[in-house]
Amino acid sequence: MKTRYTFGGDEHIFVEMDDEMSLEAFFKAIAIARAVEAAKIEGVTEILPANASFEVRFNPDVIHPDVMMARLKELEGAANNAEPRMKTRIIEVPVYYQDPWTHETVMRFRERHQDPNATDLEYAARINGYDSVEAFIEAHHANPWFVSMVGFVSGLPFLYQLVEREKQIEVPKYLRPRTDTPKQTVGYGGCFSCIYSVRGAGGYQMFGITPMTIYDPEQKVSYLKDFLVFFKPGDIVKWKPIDRAEYDSILEQVAAGTYTPRMAEVEFDLDAFNADMSGTNAKLMEALNGN
Amino acid sequence: MAIKVRKAGLSTTIQDMGRPGYFHLGIPEGGAMDRFSMRVANMLVGNDEGAAGLEAVFMGPELEFTKDTWVAATGATMPILLDGEPREGWSAFPVKAGQVLSFGFLKEGARVYLAFAGGIDTPMQLGSRSTYPIGALGGVNGRAIAVGDELPLGTPGKTAARSVDAALLRPKQSPVALRALPGLYWHRITEASQEKFFAEDWTVAPEADRMGYRFRGGAPMEFVPREQPFGAGSDPSNIVDGCYSYGSIQVPGGTEPIVLHRDAVSGGGYFTIGAVISADMDLIGQLQPNTKVRFVKVDMETALAARKDRRARLQKIREALAAG
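Listed in order, the protein sequences are those of chains A and B. In terms of my numbering, the first sequence is residues 1 to 291. In terms of my numbering, the second sequence is residues 1 to 324.
Heads up, some of the hints might be wrong.
As the list claims (entries may be wrong) - Simulated crosslink set (BS3-like; lysine-lysine; CA at most 30 Å straight-line):
| no. | chain 1 | residue 1 | chain 2 | residue 2 |
| --- | --- | --- | --- | --- |
| 1 | A | K73 | A | K183 |
| 2 | B | K297 | A | K73 |
| 3 | B | K316 | B | K158 |
| 4 | B | K67 | A | K2 |
| 5 | B | K172 | B | K96 |
| 6 | B | K4 | A | K220 |
| 7 | A | K220 | A | K183 |
| 8 | A | K220 | A | K232 |
| 9 | A | K2 | A | K73 |
| 10 | A | K87 | A | K40 |
| 11 | A | K73 | B | K308 |
| 12 | B | K96 | B | K196 |
| 13 | A | K220 | A | K240 |
| 14 | A | K225 | A | K240 |
| 15 | B | K308 | A | K40 |
None of these hints come from the bench; they were simulated from the model. Note that this is a predicted model, so its numbers are computed, not measured.
Bound conformation, chain B alone (with noise of 0.2 Å):
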């Protein structure tokens, strides 16, 4: 074992880039929320990207190691301390057996990653070591970590200090915009609702977790008239149960919107307006409840730019960081 967990923090859980592949049956992809940030964590400690690090969610976890390896933490913004000495994010630096790794208050944005130098080695479930609590599936035993776990490191690959150029990094923007793209059940509400929908200011709701993303803020949404269909339930907001997909925002009631992320359920009964580009996702995992959010309507090829601008920034870092 290398990693003692001394305090878990809110919730703070193994995650690496998921499990697609079974969402037919109901277990979603999984993975880190903001899969950039988890990415540039691994690249700094000379993991593969697709290692297991740690996502710890409003509040950061106190470790001890048990012996000598790298961390790095990106996401958002918290002092980083280890044995009480401030460290920088967005960087690598090299602790000893017997440190210990701690953080202060969240100063910005919402998930911490951290990657350690090998990889976090619990076992594997389904090809993934993401924790999927609802499921049961991956982390320690299903679960988020826990005060007294103890947590396996796999063989470290090429360490260093490095540290990633701020320039390089996500531009920060207030108010969050998230593009999205109108589809699926869009045509179930008004012309003027679907204008208000981008048009409004929306914040995000304290109910914002892994599966999913709430927000208020707008005005309830207008539905087109219609005879309910045959077996869709009897609110307007009701289809046939039908499958979801990953960042597509549904509407229950026609109130408050509901982004599905990583941990989405598969499938249900509400009616879903569309969905947030796949480039977009990693932007939510950083949202704390009241964030300011606007939605912003693209079309399909703004969507494919911007997931090759996504890929074409990291392609930056990686490269920064094998020159330097």
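Chain A extracted, bound-state conformation (with noise of 0.2 Å):
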């Protein structure tokens, strides 16, 4: 892992902690980005985490920008020495795969698609090396996912499979972006999954939808009536396949304002998880399912 910075014009300095995804960038990532929100420096704006990177935008009338480069990089090796650990929260996300409304999408944008003759999930199925749609999905949602970013639209989260990498799903996005994808569709690009928030344009590989709400603008979801958008960097999810009767079921109980999603506090620590991945996942399991 090599920190690379530059410049994004003369409001924002990027960090990239390496050019390709691991948790170890993410946590590097994310201690950096907490460094420089505990130092208080005046002139920052923003301080936006990814997934192996972060971003602080500035304004350049209160610091100059060869200052503000010179502050991040002294915090760097600070956050070098930050343990790779957090308390976070495992949450479940219900999720209606090979549902009609994400099909229709995908037959809709088939001259987009690298195999316009198969879906999403058939071509993601064939590339990763899987017999069936059925295992795939298994694959899917097998194993607890890790939130590595939030972004691109209002509150979307990005997630990270919490296997050995080469058992990874990896699919590519879309040869052209679509312009539509329903909302709370359950896509995949790259090494990642996300949650659409919001109804609009996308390029991930579309498997699937959510019935659970994660971005609310108006507030009234029972909850997410503390804040509108759901995910957070660090949180863990674990997808629970559901048919149709249970997606219509949670559909009416969010707009009643009775569901609460499961949910269990958790501690994560990167070590203790590269030593041993299925036991540390199974831990998870436990304490989402003590709840």
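Combine both chains into one complex, guided by the hints.
Structure representation (structure tokens):
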């Protein structure tokens, strides 16, 4: 891992921990981002952590870009010694795979896809070496995922699979982005899964849909009353496959204000995870199911 | 209520100086694309410069006033008509209850800015009235204005017939020069492509909106060969999804550059070759499709000097209006 610093115009500094994705890069990025926040540097207007990088927006009328750059580099050393560990939560997110709405959208944009004769799931299953769509779906929800970035649009989480790299699913994005994606589509691009928080353009492959609202600008949904965005970096997600009846039922519960996502407080320790992935995941699941 | 919307135009949105601070969650700052014009419109009608007004793209709205107030229109050039009688741009003029404001065809620029004494007083969300339709924030119920909407106005400040001397406005340029600072993933394209990017003529593509402006006309870019890093995706223009900067220039597939603007997506998996400097972001808001554009390579000191010049220009206008 080699840190790379660069200016994004005169108001941003972009810091890339590594050009490839890893949880090590994520933890290092979030450690420096937190150190920058704690340093309360005058002129910093926003700190944006991402998968394997982070960005600082600043006001160059208050702090010269070169001074800002030097301050960030100073803080990197402190972040190197930070423990890759965080208190967080595990959340169960219901997913209706192969649902009619994403399927309709899949079919509508076939000419923008690598394989116009297959669905997104059939294509993803094949190129990742699965015998069937069912086996691929099983692999998608078998283990927990780590929210390594929130963004693109309105609270959209990017999720990284908590398994050995060789077991991780990888798919390309659409050849040309779609102009439409149903709200709450569970998508996939590169090594990341995502949940489209709102309807709109998108380039990720589409696997299913969740009935769980994750962005509510009116803050009417019971669990979004305090803040309109549900996810934050570091959250852990376990997909739970559901059928149409359960999908409809949860949708109604969300609308009625009676749905509460299943979740539990957990600690995630990267070193412990690297030493024993299945053991760490089993403990995360125990915490979720014991609740 | 003070203003009735009789015709909405193509896409007319309530905008102010935006809602900074939520980009890390994918909620962009938003606000007027051409902030210079919005600020001056507010100065003209005696408002705080951050008051909310209307941004109308390519076509003006038709508005009926239900109470007396003052109005100023800045930005794009189009005939301004009050009950069919012409009014000047970059000037404040009084309107009476019952009068109708309308606009003729667009002559120059892309977005007209309308300020009203007291400012539009719709509810704030996350500290701003700016409309962000994708996230259904601000504006009128999270959307652009529509026929039948009624817009409230706040308490007016000191109003008077004021005009901005044309000599104080931004000089016109053709082709429009957008100054950019190379950086971010600039190293991903070859030196030849780096040179070409700044040497070639580009034109604004039809896909140009508040999220970003797309340009075409230049040669496809050549990438420095590499094995794609894990998690990035297979196209050479793909990166591991990261944060974007306002003004950053992404080039999906290496073909058509897109400059992210006020309603930018906050991150994604396309490489970026640098960013348009903050002082030139306003200019993009006034570009029509097919306009010729050159990207001009600058360094940080030039970017900071341009920022200072823009601020000084606004200050001169502020002082001239205060004195006049």
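Structure-based check of all given hints:
Taken as a hint, the K73 of chain A and K183 of chain A pair is broken in the structure, with Cα atoms around 40 Å apart against an allowance of 30 Å. Annotation: proposed proximity of K297 of chain B to K73 of chain A holds, straight-line Cα distance about 26 Å (limit 30 Å). Annotation: proposed proximity of K316 of chain B to K158 of chain B holds, straight-line Cα distance about 19 Å (limit 30 Å). Between K67 of chain B and K2 of chain A, the direct Cα distance comes to roughly 63 Å. Violation of the 30 Å bound is thereby established for this hinted pair.
Proximity of K172 of chain B to K96 of chain B is assessed by CA-CA distance (about 34 Å); at most 30 Å being required, the pair is judged violated. At most 30 Å may separate the alpha-carbon atoms for a hinted pair to count; K4 of chain B and K220 of chain A meet this at roughly 29 Å. Of the supplied pair hints, the one linking K220 of chain A and K183 of chain A holds, its CA atoms being roughly 17 Å apart against a limit of 30 Å. Straight-line distance between C-alpha atoms of K220 of chain A and K232 of chain A comes to about 19 Å, which keeps the hinted pair within the 30 Å bound.
For the suggested pair K2 of chain A and K73 of chain A, the alpha carbons sit about 13 Å apart, so the restraint of at most 30 Å is met. In summary, the hint linking K87 of chain A to K40 of chain A is supported, as the alpha carbons are separated by about 23 Å, within the 30 Å threshold. About 27 Å separates the Cα atoms of K73 of chain A and K308 of chain B, which keeps this hinted pair within 30 Å; it holds. As the CA atoms of K96 of chain B and K196 of chain B are separated by approximately 55 Å, the hinted pair breaks the 30 Å bound.
Between K220 of chain A and K240 of chain A the alpha-carbon distance is near 24 Å, which keeps this suggested pair within the 30 Å criterion. For a cut-off of 30 Å, the pair hint linking K225 of chain A to K240 of chain A stands: about 24 Å separates their Cα positions. Restraint check for K308 of chain B and K40 of chain A: the C-alpha separation of about 25 Å stays at or below 30 Å, so the hint holds.
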